[in-house]
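Asks: Listed here are the chains, written in short residue letters.
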Amino acid sequence: MDNILPSVIGGILIGLSASMMLLFNGRVTGISNIISSLLSHSFKENYWRYLFIVGLLIGGLALKLYNSETFVNTSQRGILALIISGFLVGFGTQTGSGCTSGHGVCGVSRFSKRSIVATVVFIIFGIISVRVMTVLSGAL
Amino acid sequence: MKKEIVALVSGFIFSIGLGISGMTQPQNVIGFLDLQNWNPQLLFVMLGAVLTHAILYRIIRKRNTPMFDSVWHITTKKEINAKLIIGSAVFGIGWGIGGFCPGPAITSLVSFELNVYIFVISMLVGMYVSLKSSGAVK
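Residue numbers (my numbering), protein chains in the order written: chain A, 1 to 140; chain B, 1 to 138.
The set of hints was computed from the structure by calculation and includes no laboratory data.
Small disclaimer: the values here were computed from a predicted structure and weren't measured.
Check before you lean on any hint, since a few could be wrong.
Label-pair restraints from in silico Cβ distances [said to hold, decoys possible]:
| # | chain 1 | residue 1 | chain 2 | residue 2 | range |
| --- | --- | --- | --- | --- | --- |
| 1 | B | Leu51 | A | Thr74 | 26 to 36 Å |
| 2 | B | Arg61 | A | Lys44 | 34 to 44 Å |
| 3 | A | Ala62 | B | Arg61 | 26 to 36 Å |
| 4 | A | Leu136 | B | His73 | 40 to 50 Å |
| 5 | B | Lys132 | A | Val120 | 22 to 32 Å |
| 6 | A | Glu69 | B | Val125 | 27 to 37 Å |
| 7 | A | Ile79 | B | Phe68 | 40 to 50 Å |
| 8 | A | Ala62 | B | Leu51 | 37 to 47 Å |
| 9 | B | Val125 | A | Ser42 | 14 to 24 Å |
| 10 | A | Glu45 | B | Leu43 | 34 to 44 Å |
Just so it is clear, CB atoms sit at the ideal spot from N, CA and C, and this is done for glycine as well.
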């Protein structure tokens, strides 16, 4: 239960970050789009996207310095699982036009039906996926 | 220049939010998606984020334009179609397998863990394949 407050505070920071991008730059903070645009747009068009990602990385360094546990991964997912998972996340977010930040935070916040549907769908399939992974790792 | 600085600061705040809420730890994400052994952290992250952004969104959108741009860059797409649903389903499946979505994955690159690099490279390949098949890249 002592994880709840940091989670809410972290969420508020995420909401503030998205609000900042909206107020100043008029943009949705859809991270899957920010990343995939690096592949499809010109370098000049992507300056702000590169800087956003640099911001993520600098924040990552700050987190790492402050708390060495920040990136500890006890999920026990093997290399094959990560390759498949990465590919599906990349392909799925691009096809579905967004991820947890774009649809889940920004889209839901503005009551976009598309985003609400997308969010419900990816959560449901995430739940199914974890169940399958649990069964599979039990069987092996 | 101003827009780029906003993006930099915004990215920084975003990743701090991810880190302090535990979302950079895949086991916490998988725990949220695991109904048998439920970890509610992600729910509270979403609540914090959506409540904050929903309120500010309405206030901000009262303006005619953003502060550093002349137009709003918000999609006007409304249609709930197969692409949206299938894409979201595929994303959800991948999310549950790895416990990573794009934001935390990029942020985690600073850990120099092999897992993260494998995930991110695979993610970029997946994005590229999707872009290519839709004709967005040649």
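Asks: Against this structure, judge whether each hint is valid.
Replies: Structure-based check of each hint:
no., hint, verdict
1, Leu51(B) with Thr74(A): 26 to 36 Å, "holds, 30 Å"
2, Arg61(B) with Lys44(A): 34 to 44 Å, "violated, 28 Å"
3, Ala62(A) with Arg61(B): 26 to 36 Å, "holds, 31 Å"
4, Leu136(A) with His73(B): 40 to 50 Å, "holds, 42 Å"
5, Lys132(B) with Val120(A): 22 to 32 Å, "holds, 28 Å"
6, Glu69(A) with Val125(B): 27 to 37 Å, "holds, 30 Å"
7, Ile79(A) with Phe68(B): 40 to 50 Å, "holds, 43 Å"
8, Ala62(A) with Leu51(B): 37 to 47 Å, "violated, 25 Å"
9, Val125(B) with Ser42(A): 14 to 24 Å, "holds, 21 Å"
10, Glu45(A) with Leu43(B): 34 to 44 Å, "holds, 36 Å"
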